[in-house]
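> Could you slot chain B onto chain A? The hints should help.
From first to last, the protein sequence lines stand for chains A and B. Per the working numbering, the very first residue in the first sequence carries number 850; after that it's consecutive. Per the working numbering, the very first residue in the second sequence carries number 220; after that it's consecutive.
Don't read these hints as lab results, they were simulated from the structure. Just so you know, not all the hints are guaranteed correct.
The list that follows gives simulated cross-link-like pairs (lysine to aspartate or glutamate, EDC-like), each with its CA atoms no further than 20 Å apart [stated by the list, open to error]:
no., chain 1, residue 1, chain 2, residue 2
1, A, Lys961, A, Asp905
2, A, Lys931, A, Asp905
3, A, Lys931, A, Asp902
4, B, Lys272, A, Asp1151
5, A, Lys1221, A, Asp1261
6, B, Lys272, A, Asp1158
7, A, Lys931, A, Asp1079
8, B, Lys272, A, Asp1079
9, A, Lys892, A, Asp902
10, A, Lys1077, A, Asp970
11, A, Lys933, A, Asp970
12, B, Lys272, A, Glu1166
13, A, Lys933, A, Glu895
14, A, Lys1237, A, Asp1261
15, B, Lys272, A, Glu1162
Computed beta-carbon distance windows for the label pairs [said to hold, decoys possible]:
no., chain 1, residue 1, chain 2, residue 2, range
16, B, Ala273, A, Arg1176, 28 to 36 Å
17, A, Arg1190, B, Glu262, 48 to 56 Å
18, B, Glu265, A, Ser1202, 55 to 63 Å
19, A, Ser1202, B, Glu255, 45 to 53 Å
20, A, Arg1176, B, Asn227, 25 to 33 Å
21, A, Ala1034, B, Ser221, 47 to 55 Å
Keep in mind that this is a model prediction, so the values were computed, not measured. All C-beta atoms, glycine included, are put in the ideal place defined by N, C-alpha and C.
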Amino acid sequence: MDEEVGATDEVFEVGAFYQLLTARLESAFGRRHPHWVRGEIAKVYEKGHVYVDLVDAGTTSSDTKRPVLNAHCWATPWAPLKKKLAAEGVTLTAGMIVNFYGYVDVYAPQGKIGFTIVQIDVQGLLGDVARRRAELVARLSAEGLLEANKRVSISPVPLRVGLVASPGTEGYSDFTGQLLNSGYAFEIVLVKSAVQGEAAPAQIVAAIEVLDQHLVDIICVVRGGGSKGDLAAFDDERVARAIAASATPIFTGIGHTGDESVADLAAHTRAITPTKLGEEIAAIVEDWHVRHVRAPAQRVLDAATAIVDEATEYVAERRRTMIFAVRDRLRAEQRHLASTRTSLLTHSRHLLSSSAQSLASHRALLGAYDPKRRLAQGWSIATTRDGKVVKSIDDVTVGDAVSVLVSDGSFDSTVNAKNGAP
Amino acid sequence: MSTVGDWNEAALELDGIVASFDEGEVSVDELFVKLERATAIIETLEARLVATKARVDELAPRLSRVLESE
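The shape of chain A in the complex, shown without the other chains (with noise of 0.2 Å):
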């Protein structure tokens, strides 16, 4: 049914229209009377000001009867808006739920009915960012994400080091200078990615690709600290998953002690700073060269040492031992001809004098058998005229001369008869 229209109902002009269309609104909300409105980001514009589209959470862009508000934050609210967002690493992207305190407007020029924002509720954003956060690292965890770098083996001598940094930051200077003052010969490769802003993921996951490709022994991810906002790079998807595929360790150094951010939970290793990724990497060095040049060098020289002492002593007692054993044996036959010279002298001197006994004994012997003696007992000795002696009868005949000898002299004889012994 058609609505009955009133030939005396006023007509408006196009701006007078806005104006009563203003005038209800502010009478029906309060004029620039804010009100939170709670909604899901849609999407976000910032150029100066920022101009977001919020949308009921849950809905999506499909269903073209869905309620859209046009929010927008003029530049001078929104700096200090922002600044207090990025200290806490919130940047406003689609997805998000925001709480915005603000009030309609009418902006006639374009026909809108907008809501523009003089607060945000940031508590509430970083609920969300946490939970947000909570979501990727559970995700990321589920498909195997945060421990597939882990698996990955680490060269025993890390010596070449891809570094993913932004050269002339505290955090690249602490780190290198860890490495360069170690006092072992690393090389580094350095990518330059920028580590904090919009840009910074897509940069440290194009730093990570490269890196991976140019047989480095591990990949170094640093950042010195900042505010949670500085760090937000690190707790982007991008960078988690460029991470896990990395064929390379990838090693993290991010931001202060405390902070932990995604990247650092997807790293095969990750130091609490920079400084602290610098002295563990020289650490892993100086634990290789002492346990595999050090020790050798300690073993090899005590072992030389104990050679040569042992040698040095070997051959010492030896020419101890030949000297003594020489002179013992000079000495037992110095001993032993001393001992035979006096058994010979003793044995001499005994046969000697018992020589001289039997000597005596043969002479007395021989003085019993003595033919004076004979003689000057009696006996008489006859001899023939050739001078042999008569021992028998059958010596002589009758007639002979013979000579007697007798103990005072001789007379000669003549045999006169031969008589047998009786």
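Just chain B now, kept in the frame of chain A:
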């Protein structure tokens, strides 16, 4: 006089000479020959030891520098 073998061979021969003295097997006629041989072996071993010590003394500081390096 035959040449002296390597360290182990020489030490073995020297030990044998010393053992023969210990066991009283050395006659006076053999004594000089064995003493002369033992002396030759000892002098050879000492000469080798001096040379080895010199080399060790040369290398030890280099190894020490490895140990002292930070």
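> Taking the hints in turn, state whether each one holds.
Hints and how they fare:
This hinted pair checks out: A/Lys961 and A/Asp905 have alpha carbons roughly 19 Å apart, not beyond 20 Å. At most 20 Å may separate the alpha-carbon atoms for a hinted pair to count; A/Lys931 and A/Asp905 exceed this at roughly 23 Å. Our distance criterion of 20 Å between C-alpha atoms is met by A/Lys931 and A/Asp902, whose separation comes to about 17 Å. A hinted pair counts as satisfied when its Cα atoms are at most 20 Å apart, and B/Lys272 with A/Asp1151 qualifies at roughly 13 Å.
Simply put, A/Lys1221 and A/Asp1261 have alpha-carbon atoms about 19 Å apart, close enough for the 20 Å limit, and the pair holds. With a C-alpha separation of about 9 Å, the suggested pairing of B/Lys272 with A/Asp1158 holds against the 20 Å cut-off. Between A/Lys931 and A/Asp1079, the direct Cα distance comes to roughly 13 Å. Compliance with the 20 Å bound is thereby established for this hinted pair. At most 20 Å may separate the alpha-carbon atoms for a hinted pair to count; B/Lys272 and A/Asp1079 exceed this at roughly 64 Å.
A distance of roughly 5 Å separates the Cα atoms of A/Lys892 and A/Asp902; the hinted pair therefore holds under the 20 Å criterion. About 17 Å separates the Cα atoms of A/Lys1077 and A/Asp970, which keeps this hinted pair within 20 Å; it holds. As the CA atoms of A/Lys933 and A/Asp970 are separated by approximately 11 Å, the hinted pair is consistent with the 20 Å bound. For a cut-off of 20 Å, the pair hint linking B/Lys272 to A/Glu1166 stands: about 18 Å separates their Cα positions.
Using a Cα cut-off of 20 Å, the hinted pair A/Lys933 and A/Glu895 holds, with the two alpha carbons roughly 16 Å apart. Of the supplied pair hints, the one linking A/Lys1237 and A/Asp1261 holds, its CA atoms being roughly 14 Å apart against a limit of 20 Å. With a CA separation close to 13 Å, the supplied pair B/Lys272 and A/Glu1162 stays within the 20 Å bound. The hint said 28 to 36 Å for the Cβ distance between B/Ala273 and A/Arg1176, and at roughly 32 Å that hint holds.
Evaluation of the 48 to 56 Å hint for A/Arg1190 and B/Glu262 yields a failure: the beta carbon distance comes to about 37 Å. Under the hint 55 to 63 Å, the C-beta atoms of B/Glu265 and A/Ser1202, about 59 Å apart, fit the expected range. A beta carbon spacing of about 47 Å between A/Ser1202 and B/Glu255 agrees with the range 45 to 53 Å that was offered as a hint. Taking 25 to 33 Å as the suggested C-beta distance range, the pair A/Arg1176 and B/Asn227 conforms, at roughly 28 Å.
For A/Ala1034 and B/Ser221, the Cβ-Cβ distance of about 53 Å falls inside the hinted range of 47 to 55 Å, so the restraint holds.
The structure is inconsistent with the numbered hints 2, 8, 17, although it conforms to all the rest.
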